[in-house]
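Engineer: The residues making up each chain are set out below.
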Amino acid sequence: MKRRSLSINKTKRFLTFLIFTAILIQPVFVQDRFRKTPPKPQPIDKPDLPLIENYLFTNELSMALVREKSIPIISLGLIIHSGESSSPFELPGLALFTANMLTRGTTNLSSEEIEEKIEYIGGSSSVSIYPDYSIFTLTCLDAYLDEALALLSEMILQPGFSRQEIDNIKRSMYYDLVEKSNDPEFLAKRLLFQILFSGHEYKNIAYSEEVIKNLNRKDLQNFYTSYYHADNATLVMTGNISLAAASNKVSRHFNRWTVSNKEKKTIPAPSTHEKIKFCFLDMPMEKDATIYIGNVLTPISDADYFSFLVLNQVLGGTTNSRLFMNLREQKAYAYYAFSAVEFFNACGIFYINARVRSEVTGTAIKEIMREIEAVVDNKIPNYEIEQSKSYLIGNFPINLERQQNMLLKLSEIKAFELGDSHWNRYYDTVMSIDSDKVFSLPQKSSLLTPVVVIVGDINILIEHLKELEEINVYDKSGTLQYTIKGDENETR
Amino acid sequence: MIKLRFLFLFSVSLSFFLLALPVRCQEIDAFPYQITQYELDNGLQVILVEDFSLPIVSVSVAYNVGSVNERPGKTGIAYLLENLMFQGSKNVGRMQHISLIHRIGGEWNAIPPEENTIFYQTVPSNQLALVLWLESDRMNSLLLTHTRVEQTKNSLIEDLEQRMNSDPYLETSLLFDRLLYPDFSYKNPISAEISDIRNLTVNDIVNFYQTYYIPNNAVLCICGHFDKVQVMEWIERYFSSIPKGEDIPIFESITQMTSKTHTRTVTNPLISAPAFQIGYRIAPPYSEDYYPLVLLEYILLKGKSCRIYKRLMGKAPIAYMLEGGIEKKKDLATFKIFVVANNEVMKDRCLKAVQSEINKLKSNLVSNEEFEKVKNMFKRDYYNQFGTSADITIFLSENYLERQDLQIIQLELSKYLSVKPIQILRAAQKYFEQENVYLDIKIK
Numbered sequence: 001m002k003r004r005s006l007s008i009n010k011t012k013r014f015l016t017f018l019i020f021t022a023i024l025i026q027p028v029f030v031q032d033r034f035r036k037t038p039p040k041p042q043p044i045d046k047p048d049l050p051l052i053e054n055y056l057f058t059n060e061l062s063m064a065l066v067r068e069k070s071i072p073i074i075s076l077g078l079i080i081h082s083g084e085s086s087s088p089f090e091l092p093g094l095a096l097f098t099a100n101m102l103t104r105g106t107t108n109l110s111s112e113e114i115e116e117k118i119e120y121i122g123g124s125s126s127v128s129i130y131p132d133y134s135i136f137t138l139t140c141l142d143a144y145l146d147e148a149l150a151l152l153s154e155m156i157l158q159p160g161f162s163r164q165e166i167d168n169i170k171r172s173m174y175y176d177l178v179e180k181s182n183d184p185e186f187l188a189k190r191l192l193f194q195i196l197f198s199g200h201e202y203k204n205i206a207y208s209e210e211v212i213k214n215l216n217r218k219d220l221q222n223f224y225t226s227y228y229h230a231d232n233a234t235l236v237m238t239g240n241i242s243l244a245a246a247s248n249k250v251s252r253h254f255n256r257w258t259v260s261n262k263e264k265k266t267i268p269a270p271s272t273h274e275k276i277k278f279c280f281l282d283m284p285m286e287k288d289a290t291i292y293i294g295n296v297l298t299p300i301s302d303a304d305y306f307s308f309l310v311l312n313q314v315l316g317g318t319t320n321s322r323l324f325m326n327l328r329e330q331k332a333y334a335y336y337a338f339s340a341v342e343f344f345n346a347c348g349i350f351y352i353n354a355r356v357r358s359e360v361t362g363t364a365i366k367e368i369m370r371e372i373e374a375v376v377d378n379k380i381p382n383y384e385i386e387q388s389k390s391y392l393i394g395n396f397p398i399n400l401e402r403q404q405n406m407l408l409k410l411s412e413i414k415a416f417e418l419g420d421s422h423w424n425r426y427y428d429t430v431m432s433i434d435s436d437k438v439f440s441l442p443q444k445s446s447l448l449t450p451v452v453v454i455v456g457d458i459n460i461l462i463e464h465l466k467e468l469e470e471i472n473v474y475d476k477s478g479t480l481q482y483t484i485k486g487d488e489n490e491t492r
Numbered sequence: 493m494i495k496l497r498f499l500f501l502f503s504v505s506l507s508f509f510l511l512a513l514p515v516r517c518q519e520i521d522a523f524p525y526q527i528t529q530y531e532l533d534n535g536l537q538v539i540l541v542e543d544f545s546l547p548i549v550s551v552s553v554a555y556n557v558g559s560v561n562e563r564p565g566k567t568g569i570a571y572l573l574e575n576l577m578f579q580g581s582k583n584v585g586r587m588q589h590i591s592l593i594h595r596i597g598g599e600w601n602a603i604p605p606e607e608n609t610i611f612y613q614t615v616p617s618n619q620l621a622l623v624l625w626l627e628s629d630r631m632n633s634l635l636l637t638h639t640r641v642e643q644t645k646n647s648l649i650e651d652l653e654q655r656m657n658s659d660p661y662l663e664t665s666l667l668f669d670r671l672l673y674p675d676f677s678y679k680n681p682i683s684a685e686i687s688d689i690r691n692l693t694v695n696d697i698v699n700f701y702q703t704y705y706i707p708n709n710a711v712l713c714i715c716g717h718f719d720k721v722q723v724m725e726w727i728e729r730y731f732s733s734i735p736k737g738e739d740i741p742i743f744e745s746i747t748q749m750t751s752k753t754h755t756r757t758v759t760n761p762l763i764s765a766p767a768f769q770i771g772y773r774i775a776p777p778y779s780e781d782y783y784p785l786v787l788l789e790y791i792l793l794k795g796k797s798c799r800i801y802k803r804l805m806g807k808a809p810i811a812y813m814l815e816g817g818i819e820k821k822k823d824l825a826t827f828k829i830f831v832v833a834n835n836e837v838m839k840d841r842c843l844k845a846v847q848s849e850i851n852k853l854k855s856n857l858v859s860n861e862e863f864e865k866v867k868n869m870f871k872r873d874y875y876n877q878f879g880t881s882a883d884i885t886i887f888l889s890e891n892y893l894e895r896q897d898l899q900i901i902q903l904e905l906s907k908y909l910s911v912k913p914i915q916i917l918r919a920a921q922k923y924f925e926q927e928n929v930y931l932d933i934k935i936k
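As they're listed, the protein sequences go chains A and B. Heads up: the first sequence runs through residues 1 to 492, numbered per the numbering used here. Heads up: the second sequence runs through residues 493 to 936, numbered per the numbering used here.
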């Protein structure tokens, strides 16, 4: 008993000592521990993204609204479901020319008056042309939605097509392309598109400045008459307004828009390149080499779309991806090296772009091809797949935050007919992707036979590209000039 | 667990209070969110704004320091330290801050440090604790080793040299600032003297860090989707043990600017088109005359339908480039106009056009219609400051650092919108009597 009591006393004293010591050292200990390692994330719920509401008017103009209450500004986007691929082969640029002209005067308003009106409603505007669609955006303070719709309707339904503005637009389109043609990135991407889409409607997006002179008033009137119809358009809207109020206002301003009843033209899928092809564009005095490597992905299903997004993240989507870590961080060949995946109605396109030191151009291309082979031939480890998914899931809602970005995402859903559940499906679909799904992607083998475009000074680069079997040399307009064989014999 | 939470909650200290801002009211809604603001024992200001529209959250940490706090011979230190904040701290490796944010799909950036230095990031809401951990670690224990400092100096110098090469008008624009502003703090650009950057020592940087990167000189602002009780607990855990620093050196404000005028002609061998810059010293920010001057800026220089743009770049363009507007630095404000023209004759025409537009404002009232347009444009730009949760954190941090009172922002918008045309006329007469600085930039 005694012994026991003693023992208890000792234990008590020891415990008291321990507790006292623990209390004394606790602040330092706790602080060190929580500072040492990053805290674990909390579990994340599936994001609840805003609802897309739809309305179809009697003239078959469709409308989609995402209601959001952040700021008293409304963003409008008018999609015409025809883009540059609808321009005739001999007149690339016609879709952009037409869209630009609609912002430069109506039968009642000059371009200056349009600008004045846009600023009066606290707005801003833009025009963008993609291969499959064209979009006009207009923002306004929400108190001025009626005025904004009236202006947009007047621009689209009553174009002026004044001869003076035609000259102005042609001049600005021409000089815009001249200025861009000093940028090796722009030239390389344009040449890649010209070669990948050779003979296909999508080649129309990759035109050079000399075609601008071919555009005239009659062509633009034809394009306008063919494609600018209510049943070939969708009005998208984001802002703090109900569908009933919004559709009422839209109806008032667009109900006289005519229907074409034309059947929608389906663009066939372009073919995939099945043999690696090296293409060169000479840019004298350029000290580095700009590289674009890409191929067409076809056919592309909804499930493949998400798997390619994950694959792209692993390979080159960010500065943590394999290409950047290898070519820039480890080997110091490149200033940057990324990959990207873009989707159109008829196909997808996967490409890698890098800017490298000229003396390692050949080695860098080999290294990029080695990285491509690694993701095509081997299963990607799970941790990399999970990291990529974490990026995609985390970044998705961040990208929707700005009202204009939400509008553009909504436009994509409508232009590509992705379905209203697309963004709410995003989380589940990305989460369901695993290494096997990416490995079994049927189209990824096309990455092994890409078109390789190199832009730089040919006199500097040629000796670093000796190992290539055949190099096709193009001019800035995308016309093949001559071919250099591996044995350095020139063939014209 | 519950007890622990309460413990943390109650130790969140002192001047905790809620700014119960009015509920959203139609158009004149200067800030449509509720703000919670309090101060930790160590002086760190905390601002919380809940917004549950998307599952994301933004965190900014703003330090009340920038190039205005640099001393002669030590320029570039604010910019250098801003860069070093990404180079690692005691528990965070070099560039790990960026890569951790990036891996979870987050976005990050910093605002070039002129008056304040603001770091911000937007992440999925379940990763908020990670950002607080990262931000607290670099506030608490930035690693400033010789190697890291030298590497960062070199890359900064490279960037600055590139900027000098790509902007042939940069040199003259720095000269223009030296003529327009009254003393070193205001004239000193963020871009700094390259030779100064080369000479900065680790000791200089450690001193600057210890003087200014302290909780009692900082504002932590969080906006987005979060549980307020949980967040306050995390803030307490990560930030409250960072020791309070010494009181920061008092910034010597200049409330009265000189009325001295300068007319200079300089030749610039780098340029291919002549240019001019004119500048006016105007009323201090948020003074009575400042509000009409902001709208005057819209009348003259904002958008494509403003008066000077239409004269110089409109239907029959005579200028090649037009830039300008109000520049605010601490308690001073200036009004600048920069024009590049194709040749000397065109440049003279541009100058006359600019002067004639300014003179019109001194003698004629702005029409109601134009004034309505200008106010609508102002409203648009004002609301666009709340376009994202990161924008909101920046807006609130800057406002707090400038005004030390967030209640003021509720009255701010109406101050601009209640300006009358006569106030514009008076402001033009008072502040645009004659250019304070005219810099004629000729081709060599």
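Think of the hints as simulated: they come from the structure by calculation, not from any bench. Keep in mind it's a predicted model, so treat the numbers as computed, not measured. Hints should not be assumed to be uniformly reliable.
As the list claims (entries may be wrong) - Distance condition first, Cα-Cα at most 30 Å in a straight line; then the derived DSS-like pairs of lysine-lysine:
| hint | chain 1 | residue 1 | chain 2 | residue 2 |
| --- | --- | --- | --- | --- |
| 1 | A | Lys69 | B | Lys852 |
| 2 | A | Lys36 | B | Lys582 |
| 3 | A | Lys180 | B | Lys802 |
| 4 | A | Lys180 | B | Lys796 |
| 5 | B | Lys794 | A | Lys117 |
| 6 | B | Lys867 | A | Lys117 |
| 7 | A | Lys287 | A | Lys189 |
| 8 | A | Lys117 | B | Lys852 |
| 9 | A | Lys218 | B | Lys794 |
Claimed, not checked - Beta-carbon label-pair distances, calculated as ranges:
| hint | chain 1 | residue 1 | chain 2 | residue 2 | range |
| --- | --- | --- | --- | --- | --- |
| 10 | A | Lys331 | B | Arg586 | 17 to 27 Å |
| 11 | A | Val178 | B | Pro761 | 23 to 33 Å |
| 12 | B | Thr637 | A | Gln42 | 29 to 39 Å |
Glycine residues also receive a C-beta, built at the ideal position from the N, C-alpha and C atoms.
Engineer: Each hint should be assessed against the structure and marked as holding or not.
Structural biologist: Going through the hints against the structure:
1. Distance check on the hinted pair: lysine 69 of chain A and lysine 852 of chain B sit about 41 Å apart at the alpha-carbon level, beyond 30 Å; violated.
2. Between lysine 36 of chain A and lysine 582 of chain B the CA atoms are separated by roughly 8 Å; this keeps the pair inside 30 Å, and the hint holds.
3. Taking the CA atoms of lysine 180 of chain A and lysine 802 of chain B, the gap is about 26 Å. The hint holds against a cut of 30 Å.
4. Between lysine 180 of chain A and lysine 796 of chain B the alpha-carbon distance is near 23 Å, which keeps this suggested pair within the 30 Å criterion.
5. Distance restraint check for lysine 794 of chain B and lysine 117 of chain A: the Cα-Cα separation of roughly 14 Å lies within the 30 Å cut-off, and the hinted pair is therefore satisfied.
6. Among the hinted pairs, lysine 867 of chain B with lysine 117 of chain A is consistent with the structure: their alpha-carbon atoms are about 13 Å apart, no more than 30 Å.
7. Taking the CA atoms of lysine 287 of chain A and lysine 189 of chain A, the gap is about 18 Å. The hint holds against a cut of 30 Å.
8. For the hint pairing lysine 117 of chain A with lysine 852 of chain B, the CA-to-CA distance comes to about 23 Å; that is within 30 Å, so the pair holds.
9. A distance of roughly 36 Å separates the Cα atoms of lysine 218 of chain A and lysine 794 of chain B; the hinted pair therefore is violated under the 30 Å criterion.
10. The hinted window of 17 to 27 Å between lysine 331 of chain A and arginine 586 of chain B holds, with their beta carbons roughly 19 Å apart.
11. In this structure the supplied range 23 to 33 Å holds for valine 178 of chain A paired with proline 761 of chain B, their Cβ-Cβ distance being about 26 Å.
12. The hint said 29 to 39 Å for the Cβ distance between threonine 637 of chain B and glutamine 42 of chain A, and at roughly 34 Å that hint holds.
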